[in-house]
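Please model the complete structure; the sequences and the hints are all you need to start from.
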Amino acid sequence: MVMPLALLEKSMNKNISLLLKDNRTLEGKLTGYDEYMNMVLEDTEERTSEQTRRLGVVILRGNNVVSISPL
Amino acid sequence: MVMPLALLEKSMNKNISLLLKDNRTLEGKLTGYDEYMNMVLEDTEERTSEQTRRLGVVILRGNNVVSISPL
Amino acid sequence: MVMPLALLEKSMNKNISLLLKDNRTLEGKLTGYDEYMNMVLEDTEERTSEQTRRLGVVILRGNNVVSISPL
Amino acid sequence: MVMPLALLEKSMNKNISLLLKDNRTLEGKLTGYDEYMNMVLEDTEERTSEQTRRLGVVILRGNNVVSISPL
Amino acid sequence: MVMPLALLEKSMNKNISLLLKDNRTLEGKLTGYDEYMNMVLEDTEERTSEQTRRLGVVILRGNNVVSISPL
Amino acid sequence: MVMPLALLEKSMNKNISLLLKDNRTLEGKLTGYDEYMNMVLEDTEERTSEQTRRLGVVILRGNNVVSISPL
Amino acid sequence: MVMPLALLEKSMNKNISLLLKDNRTLEGKLTGYDEYMNMVLEDTEERTSEQTRRLGVVILRGNNVVSISPL
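Residue numbers (the numbering used here), protein chains in the order written: chain P, 399 to 469; chain Z, 399 to 469; chain C, 399 to 469; chain D, 399 to 469; chain W, 399 to 469; chain E, 399 to 469; chain G, 399 to 469.
Read the hints as simulated data drawn from the structure, not as lab findings. Since no wrong hints were added, every one of them can be taken at face value.
Dumping the calculated BS3-like pairs for lysine-lysine here, alpha-carbon to alpha-carbon at most 27 Å:
(1) D:K427 to C:K408
(2) Z:K427 to P:K427
(3) D:K408 to W:K408
(4) W:K408 to E:K408
(5) D:K419 to C:K419
(6) E:K419 to C:K419
(7) G:K419 to C:K419
(8) Z:K427 to C:K427
(9) E:K412 to G:K427
(10) P:K419 to D:K419
(11) G:K427 to E:K427
(12) G:K412 to E:K408
(13) P:K427 to G:K408
(14) D:K408 to D:K419
(15) Z:K408 to C:K408
(16) W:K419 to Z:K419
(17) W:K427 to D:K419
(18) P:K408 to Z:K408
(19) P:K427 to P:K408
(20) W:K408 to E:K412
(21) Z:K408 to Z:K419
(22) G:K419 to G:K408
(23) Z:K427 to P:K419
(24) G:K419 to E:K419
(25) D:K419 to Z:K419
(26) E:K419 to G:K427
For the chain G half of the interface with chain E, some residues (derived, Cβ under 8 Å), not all of them:
(27) M410
(28) L418
(29) D420
(30) T429
(31) G430
(32) N436
(33) M437
(34) V455
(35) L458
(36) R459
Ideal Cβ positions, reconstructed from N, Cα and C, are used throughout, including at glycine.
In structure tokens, the structure reads:
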């Protein structure tokens with residue numbers, strides 16, 4: 399059994415990909431999270447089919463996140 | 399009586415299909431979950447009528463899930 | 399007085415119809431539920447005006463359910 | 399002062415009309431409710447400007463209800 | 399300082415206007431409310447730019463209410 | 399550090415501007431609020447690019463508010 | 399590990415950029431926040447691709463915020 403938060407813990411300081419409710423995809427290094435799945439990403443990039451936008455450090459609110467994938 | 403979370407427990411390490419609120423369908427092996435129906439899937443694939451996309455390991459937020467089916 | 403959850407209890411192992419927030423209608427045998435109206439259905443079918451799709455066993459998240467009718 | 403739940407209590411075994419968030423209107427005999435305004439209706443009919451559909455017994459989730467009127 | 403619920407209390411048995419999330423406007427006499435801003439209105443009318451519809455007694459769920467104005 | 403509720407307190411009896419989730423903008427004198435950011439406004443005006451509508455006293459539900467600005 | 403709220407604390411009195419659920423982007427100096435990620439911004443500007451609008455002091459409700467970036 400891999401609890402969802404345990405997998406976040408294992409992904410610390412590694413690159414992850416996030417799908418948000420507004421259909422944006424973010425990639426960045428996970429440097430923090432809390433029990434609500436709020437997350438801190440570094441070197442974040444927003445990727446769409448057309449472009450890549452550098453966002454740097456980002457705090458994500460967990461309730462906007464659909465899914466999280468380690469990269 | 400099969401409690402919903404008990405059925406998730408029985409589905410551990412088996413393939414399940416998830417329908418998300420944004421109408422995407424994911425299939426993968428359930429390797430973890432918590433009381434909020436957050437889930438961890440491995441070998442996840444997103445399937446639409448047009449294509450299949452390999453997503454690998456995915457943490458799903460339970461509040462985006464509409465329904466779950468063992469495969 | 400018929401409490402809503404008591405009616406679910408009385409519907410156990412019987413066929414019910416569910417209307418979901420995304421306007422899909424599911425029919426199946428209710429084999430479990432919990433206090434949040436999460437439900438387990440067996441022999442589930444999704445019915446639209448155009449087609450019937452067999453879904454088998456399904457866990458439904460209660461917060462996606464609009465209404466439930468015993469059949 | 400008429401507390402909202404007290405008015406539901408007074409409406410027991412009487413016909414009520416419900417407006418749902420998805421703009422459907424249901425009419426039926428209120429035979430049960432709980433503190434979340436989940437309700438049980440009997441002899442329920444869904445009424446739109448074009449048609450009337452008989453739904454029989456229905457459990458309504460309170461969070462889909464906009465307003466309730468005794469008939 | 400006028401606490402929001404205190405203003406509701408002061409509006410008891412007076413006419414108020416409600417704007418709902420679905421953009422409908424209701425007017426009626428406030429005859430009850432609870433801590434969630436669920437409300438009971440009497441002699442309720444729904445007003446749109448095109449027409450006025452008499453709804454009589456209505457229980458409103460507070461989470462559908464955007465704003466309330468004493469008349 | 400200015401806590402958000404402390405800034406509301408400092409704005410008491412002063413004019414504020416509110417942006418609501420439905421994109422309406424309201425201006426009025428803040429005469430009350432509670433811990434949920436429900437608010438009471440007096441001399442409220444709704445402003446759109448096309449018109450100004452006088453609303454008088456308004457109770458606003460906090461969960462419909464996007465942002466608040468002292469004027 | 400950088401907890402999301404700790405990063406907000408570190409961003410106090412510095413400029414941050416906020417993406418809201420309605421797709422607006424705000425920039426301003428963070429002068430306060432609370433546990434719900436409600437925030438107080440000063441010298442706030444709303445930026446769209448077409449224009450910049452000065453908003454001054456703004457209280458933001460946390461549940462409308464998608465992501466936060468220190469600038």
